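Undergrad: This is what each chain is made of:
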Amino acid sequence: MEHKGKITDLQSHTGVEVMRCYQCGKCTAGCVLATDMNFPPSYVMRLLQTGTKENYIKILGSNSIWLCLNCENCLGRCPMEIDIPKMMDYLRTQAIKENILHPDSKPIISFHRSFLDSIKYTGRLYELGLIAEFKARTFRVTQDLTIAPAMFLKGKLHLLPEKIKDRMTMKRIFAKTIENVKTENK
Amino acid sequence: MKIGFYPGCSLTGSSREYNESVVAIAKVLDIELTEINDWNCCGATAAHSMNEELSMSLPARIMAMAEKQGLTEVVVPCAACYNRLKVTQHDLKDETKRKRVSEILQLPYDGSIEIINVLQMLEKYGAENIKAKVTQPFAHKVACYYGCLLVRPHSILQFDRVEDPQSMDELIKVVGGTTIDWAFKTECCGGGFSVSRTDLVAKLSGNILEDAADRGAEALIVACPMCQSNLDMRRGAINKVIERPSDIPVIYITQAIGLALGIDAKELGLKRHFVTVEL
Amino acid sequence: MEKLRERAAAILADGTVSLVIGYEEGTKRPRPLFCHDGESARKLIFDSRCFHNLAVYLTKKELVGNGRFAVTATISTLRSIMQLYVENQLSEDKLLILTVDLSGTLREFVTFDEISAYVEQFELKRSEREQAILTRIEGMTREERWNFWQEEMSHCFKCYACRSACPLCYCTKCVVEVNRPQWINPWPAPVANMEWHINRAMHMVGRCTACGACGDACPVGIPIDLITRKMMEDMAPEFGYIPGLPVKKGNALSTWKLDDREQFIR
Amino acid sequence: MSKIGVFICHCGENISATVDVERVAREIGGMEGVAHAIDYKYMCSDPGQTFIKEAVKKYDLDGVVVGACSPRMHEPTFRRACAEAGLNPYLCEMANLREHCSWVHEKGEETTEKAIDLVKMLVEKVKKNNPLESIKVPVTKRALVIGGGIAGIQASLDIANTGHKVILIERDPSIGGHMSQLSETFPTLDCSQCILTPRMVEVAQHPNIKLYTYAELESLEGFIGNFTAKIRLKAKSVNYSTCTGCGACIQKCPVKKIPSEFNAGLGTRTAIYVPFPQAVPNKPVIDRVNCNYYKRGACKICEKTCQVGSIEWDKEDEIISEEVGAVVLATGFDVKGTDFFPEYGYGKYKDVLTGLQFERLASASGPTFGEIRRPSDGAIPKKIVFIACAGSRDPAKGIPYCSKICCMYTAKHAMLYQHKVHDGESTVFYMDIRAGGKNYEEFVRRAIEEDTVNYVRGRVARVYEKNGKLIVKGVDTLLGGEQVEIEADMVVLATAGVANCGSEQLAQKLHVSYDPYHFFAEAHPKLKPVETNTAGIFLAGACQAPKDIPETVGMASGAAVKVAALFSNNELVREPIIAVVNRLAPPLYSTCVGCFMCETACPYNAIEHEEIKARDGSLIRTIARVNSGLCQGCGTCVAFCRSKSIDIQGYTNEQVYAEVMSLLND
Amino acid sequence: MSSEEIFEPKIVAFVCNWCTYAGADLTGTSRLKYATNVKIVRFPCTGRIDFLLLLKSFAQGADGIIVSGCHPNDCHYTSGNFHARRRWIAFRSILDMMGVDVRRVQYSWVSAAEGSKWADLVNNTVADIRALGPYTDYQKVADYLEKEVQDGEA
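Protein chains in written order, with the numbering used here: chain A, 1 to 186; chain B, 1 to 279; chain C, 1 to 266; chain D, 1 to 666; chain E, 1 to 154.
Derived from the structure by calculation, the hints contain no laboratory data. There could be a bad hint or two in this list.
Unchecked claim - No farther apart than 27 Å at their CA atoms in a straight line, the calculated lysine-lysine pairs in the BS3-like style are these:
| no. | chain 1 | residue 1 | chain 2 | residue 2 |
| --- | --- | --- | --- | --- |
| 1 | D | K397 | C | K257 |
| 2 | D | K336 | D | K382 |
| 3 | D | K3 | D | K41 |
| 4 | C | K257 | E | K117 |
| 5 | B | K2 | B | K133 |
| 6 | D | K128 | C | K173 |
| 7 | B | K68 | A | K120 |
| 8 | B | K271 | A | K154 |
| 9 | D | K469 | B | K141 |
| 10 | C | K173 | D | K613 |
| 11 | D | K257 | D | K234 |
| 12 | D | K257 | D | K404 |
| 13 | A | K6 | A | K176 |
| 14 | B | K141 | A | K165 |
| 15 | B | K173 | D | K466 |
| 16 | A | K154 | B | K240 |
| 17 | A | K176 | B | K97 |
| 18 | D | K420 | D | K438 |
| 19 | D | K57 | D | K41 |
| 20 | D | K41 | D | K58 |
| 21 | D | K348 | B | K173 |
| 22 | D | K136 | D | K528 |
| 23 | B | K203 | D | K420 |
| 24 | E | K140 | D | K107 |
| 25 | D | K404 | D | K420 |
| 26 | B | K99 | A | K176 |
| 27 | A | K154 | B | K27 |
| 28 | C | K257 | B | K93 |
| 29 | C | K60 | D | K613 |
| 30 | C | K173 | C | K249 |
| 31 | C | K257 | D | K509 |
| 32 | A | K176 | B | K93 |
| 33 | A | K6 | B | K97 |
Stated by the list, open to error - Not close to chain E: a few residues of chain D, all C-beta gaps over 12 Å, as computed:
| no. | residue |
| --- | --- |
| 34 | M94 |
| 35 | P342 |
| 36 | C602 |
On a predicted model such as this, the values are computed, not experimentally measured, just so you know. Idealized CB from N, CA, C, for every residue including glycine.
Next up, chain A with everything else stripped away, as it sits in the complex:
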């Protein structure tokens, strides 16, 4: 029953009714990263339809939810208008919440976290800081060694972050949303 509840939660959060999917596979056929995924989108739908705990955990622990680029090709073509991208967003937050994470998620989450950290303090994206923090988080010290200096030379990187004035609101937004979830978990 617990996992059936998960499907209900999924529906109430995203409006996605998994039983609407009749497995035509059009989402998978058009997905640019289906071949890199553990389970292509239509397969994810099927796993959810079974309603079992094992399959739910399988999805959370797969790289499929992390590789989804939210390009929305699937939604645009789905005959049943199932919002798979929105569902993927939701499954990602669930995976983090339950701490069931595929190794592929690490760099992606690190990137997202670095990105959000950057805007949390300044209100705007500080690209140099982002790259630095991302490297620190992932230990990919050598990545983009040539690109960053080139960007700098072409005037594409600021050395100092741009800061907005109303940083209080930014702080509040983060405190009441993403950080709120984290504390709930603890």
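Put chains B, C, D and E on the given structure of chain A with help from the hints.
TA: Positioned in the frame of chain A, the structure of chains B, C, D and E alone reads:
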């Protein structure tokens, strides 16, 4: 002609040339851009991948600020920001979500602002104007690349056709160019994985570049900083995975139009690209 | 107002209409005036004190005859006229409507669509009195509501003023006068009183425009207008119409939708 | 006072085992107005019925109540018995003591008491019953068939062969419909034209069939047995009585590049044209939209060519009127075009075809004389992809329903392709194979097993053109969602079957209802599949929902039988259970005030406006009147009528009121 | 409460001829048992059922009412049940406003094939109404009328 303007983070940093070209052509076309005061980042892919409320609150603040400023219409050149703003506006039609977000923001938000992308701005205020002001026709055969965020989800954005959109092609034709009919107009370039999964970006962007090059495009025309940086800055990685390495440049629609309007290449930021632009 | 008088006199004089129904100054409040000539048209008034719904006279054949006639109409009256149009009780070629809008300009209407476009701007809101009583009723338990209405109904002595005042009660033979079978007893008695008022409300579904004439007419002050008012407010979202704005086709009760609510059906 | 006779049946022991039938008869016998009450073992038996007949005469009964089984079982029996005894049959009612009482309750006091209540209720009702006469409506024994496809052809022939006259109208210049466009037919692969053409000729030659091609229904008035149809005969610009059909005009017509409707846009035709060589009638019409003379005022080459002078430039549309007793709707369906599909190129790829276009390619009479060739360059496709469910089962962009015929014709197409292109490779992307039908599953299996058609389960996300090839991006869901990419030379979309254009307007003209997809609605999904809810109008074929040829023909014959049954009588006899608006003496005329709420509520459009006029012709009032031919007796109008001016015979206000009152009175 | 004191509600059922009446016939032919409290009045269609009949039933002493007809889309007359459904939506709202106990009117769709549903419907409704008790509120009001008239005559 006055219109609100939200540049977004990329346009102040890695995609400065987009900003420069938007500002440059706006000047020539007599469009007065009013930047939103103290704007913040829209949260991009990171926010909505990680937290729904965060992903709505950040764009909501931007729009609330614009409302406060009395703007009624805001042009958002960055396709990612445009998409986030439009989707948030749509999501916040839901009463409970709106309540929650205004609680977080502590700012009034009524969702009345018209959010448009740069193509819509040019269509709406420029097409005839542009035609009249073309000094050096953009006589090139190009591939217009729309990407994902400009056209999907169609139900919310309601902009152009989902598959095989035409609005950018029309603008190119206005300034004297020809466009190819190709297959990857709206296929994803790898978007937000630019830094985290460069390998996938190289693969996806590679497919796009290859098809355009195969069909004889002299350049790719884009309206999204993410697409531009993936296709341009990651060219090294791309050329490693595709069969026939390519050196066709990737330029913004505003740059192409700028050239036709006789604006200097440097002013349009064409010197900032990784792949040299010789058009 | 002067314009209104002039216009009324003019259309009477040139034979456009043979009768103008309007208001004149009464002892306590304005009262209806039936002008057949320019002379009497000078007595016409039209202001915010004129709330008597003159639409009630428009279906009286013996009064309006077969010719063309005019009426000075408040928003409420206009709403009633629209509904009467829908129900084939008035024809556009027999009626000329005069009204004075908020800016004091004289306006004339003939067709349903013209009226509709005008009335559209006015939202039908609960008055303070209506709001007060309805809030009270809505806060009651069902038993309390029952007792409330039983108490109110005990004053009803079946004078049928509510029926006479209502512009939409134009049947030549009312259901209480039908005696095969005698559905509702015409004399005052608790059950018959309640049946009458429930019946009135059912007959008004999708038709009532909440002019309040029935309530005003009640000599013992039963808030009967609120029964239809509440019904109308409940039904509007249910059947997707705008309260007080009759539609040309598709009365709420004689049409249906496949997805009408049916949670109450087992 | 009433003299009611009450007859309580034991039904063997079916009733008497749980109900004390003697007590019921005794107590009812004591009721006011009951003249006679007995119980008997089998009331429906001959002796039982005789009891009733004798009692009617002996006690001069003015009403009869039989307490027995369900009226749905024996009401006709007892009403007939009463009629034979000289009592109006509608003065007889039944109390349901078996299904609604003895069978559903245990033996006991309450059961007997309930039985008494049920009988009492009907006694009170019958006291208020009025004698009624059956309604007789004369029947015009001519049928109108709308649509000259296989459904209309079959229905017309079947009706005509019963000896009745048929008027068949067809919108196009020739009859034949979609079936004439098909190449071979599943599951037997016999040639469509070979089996259809003889029927078309038979229609043209049948003495009982009057054929109007290039004609459309303008309006239909009246009711079952008595319709008046107004038919618009579109101007053909050719005098058919003199035209010999030699075809010389067609050869000389200079406007040659008009896409041929018959070839689904793959071939061309001239402005003066016969849609296809086997057309019936085989005489041309001028397409005025494309003709040079009508467009620019000059040309007239056909006139110069015509040796018999049959061209009529100034001919105008003509409207004729026909009296008919029944109508068969057989207007068929349409298919969605390729431009409907964004992900398959919005129709811009010439080698992406619809199934119907492929039929034309495969047909020996088609633009390629039966050879499968690409419209773009005429090459024979070596790789072909068929996409099933293109638009069907797609609520987002297409239609939610299954078009039913696509699985079968796709299998047929793949099979025909393999037969014609031996070294070709065909792939079918499908979602489910719906092959319910005689020899259908076997047919599909043959395509897969013998003709080596590659069936892949999954949908295609998109199709695009590259280097002269069509790149098909699909998926094989049975391999866990593996992507499949095929470089095809031709793609055939099994596009959705949809309602024919104009069906909504036609339905409104005929007052028949239609579903959300504009297919005409049958009166009952199971038991009345060929009837509409308007009596006298019947359905045949794909205008009701997509269906294949055998089903269409079956349905057409079914509709024909319904028409023949209707025409087997000179008069229609109908139960008088219909609504009536009261009429009173002047000056009241009726209590109806003419609000016409009943008119919007009536599902049968049976409410008419009756104008009451004074002697000088001036209008006094307009009141409602029920058209007894259209009214089916649901009584919805009765419950709406505020002034109780409309009532329904057999269930009048007085009757039901009396029932309820008796039931609750202690 | 001893078994003799169990309250036996009076319930009247207004049903359409084509679905529910036939469904109740099927209950009979299937020999399914149900309570004797409910008595059926036959109508051609739910669209024919006048709301006044429901009011009169309460006035006449009914403790509960069943109104039942064809499921949506199954109506013999295509749309009578849809009209009825609307009518009952409005009627319920008015009754509720007046403080009439709407729980005492049970609406249902019972098809000709649902013999067992009819038995369940009857049994459940009887149980529900039994739990609510006699509708004395309404009956008192109605009795008053009778008494008054009788008194007046007397």
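Undergrad: Look at each hint and say if it fits the structure.
TA: Evaluated hints:
For the suggested pair K397/D and K257/C, the alpha carbons sit about 23 Å apart, so the restraint of at most 27 Å is met. Distance check on the hinted pair: K336/D and K382/D sit about 26 Å apart at the alpha-carbon level, within 27 Å; holds. Proposed proximity of K3/D and K41/D is supported: the alpha carbons are some 23 Å apart, at most 27 Å. For the proposed pair K257/C and K117/E, the alpha carbon gap of about 26 Å is at most 27 Å, so the pair holds.
Our distance criterion of 27 Å between C-alpha atoms is met by K2/B and K133/B, whose separation comes to about 19 Å. About 22 Å separates the Cα atoms of K128/D and K173/C, which keeps this hinted pair within 27 Å; it holds. As the CA atoms of K68/B and K120/A are separated by approximately 22 Å, the hinted pair is consistent with the 27 Å bound. Annotation: proposed proximity of K271/B to K154/A holds, straight-line Cα distance about 8 Å (limit 27 Å).
For the proposed pair K469/D and K141/B, the alpha carbon gap of about 22 Å is at most 27 Å, so the pair holds. About 20 Å separates the Cα atoms of K173/C and K613/D, which keeps this hinted pair within 27 Å; it holds. Taking the CA atoms of K257/D and K234/D, the gap is about 23 Å. The hint holds against a cut of 27 Å. Simply put, K257/D and K404/D have alpha-carbon atoms about 34 Å apart, too far for the 27 Å limit, and the pair is violated.
Proximity of K6/A to K176/A is assessed by CA-CA distance (about 24 Å); at most 27 Å being required, the pair is judged to hold. Distance check on the hinted pair: K141/B and K165/A sit about 45 Å apart at the alpha-carbon level, beyond 27 Å; violated. The hinted pair formed by K173/B and K466/D meets the criterion: a straight-line CA distance of about 23 Å does not exceed 27 Å. About 23 Å separates the Cα atoms of K154/A and K240/B, which keeps this hinted pair within 27 Å; it holds.
Between K176/A and K97/B the CA atoms are separated by roughly 14 Å; this keeps the pair inside 27 Å, and the hint holds. Restraint check: the Cα-Cα separation between K420/D and K438/D comes to about 26 Å, which is no more than 27 Å; the hinted pair holds. Between K57/D and K41/D the alpha-carbon distance is near 21 Å, which keeps this suggested pair within the 27 Å criterion. For the given pair, K41/D sits about 21 Å from K58/D by alpha-carbon distance, which is consistent with the 27 Å threshold.
With a C-alpha separation of about 19 Å, the suggested pair K348/D and K173/B falls inside the 27 Å cut-off, and the hint holds. The straight-line distance between the Cα atoms of K136/D and K528/D is roughly 23 Å, inside the 27 Å bound, and the hint therefore holds. At roughly 40 Å between alpha-carbon atoms, K203/B and K420/D are farther apart than 27 Å, so this suggested pair is violated. Among the hinted pairs, K140/E with K107/D is inconsistent with the structure: their alpha-carbon atoms are about 34 Å apart, more than 27 Å.
Of the supplied pair hints, the one linking K404/D and K420/D holds, its CA atoms being roughly 26 Å apart against a limit of 27 Å. For the hint linking K99/B to K176/A, the alpha-carbon distance of about 13 Å falls within 27 Å, and the restraint holds. For the hint linking K154/A to K27/B, the alpha-carbon distance of about 24 Å falls within 27 Å, and the restraint holds. Restraint check for K257/C and K93/B: the C-alpha separation of about 26 Å stays at or below 27 Å, so the hint holds.
With a C-alpha separation of about 19 Å, the suggested pair K60/C and K613/D falls inside the 27 Å cut-off, and the hint holds. The hinted pair formed by K173/C and K249/C meets the criterion: a straight-line CA distance of about 25 Å does not exceed 27 Å. With a CA separation close to 22 Å, the supplied pair K257/C and K509/D stays within the 27 Å bound. Proposed proximity of K176/A and K93/B is supported: the alpha carbons are some 20 Å apart, at most 27 Å.
Only pairs whose Cα atoms come within 27 Å are accepted, and K6/A paired with K97/B is accepted, the gap being roughly 21 Å. Chain E draws M94/D into its interface by the beta-carbon criterion, the shortest separation being 10 Å against a cut-off of 12 Å. Non-interface call for P342/D relative to chain E: holds, since the shortest CB-CB distance, roughly 33 Å, exceeds 12 Å. Non-interface status of C602/D relative to chain E is broken: a Cβ of that chain comes within 12 Å, the nearest being about 9 Å off.
Hints 12, 14, 23, 24, 34, 36 from the list above are not met by this structure, while the remaining hints are.
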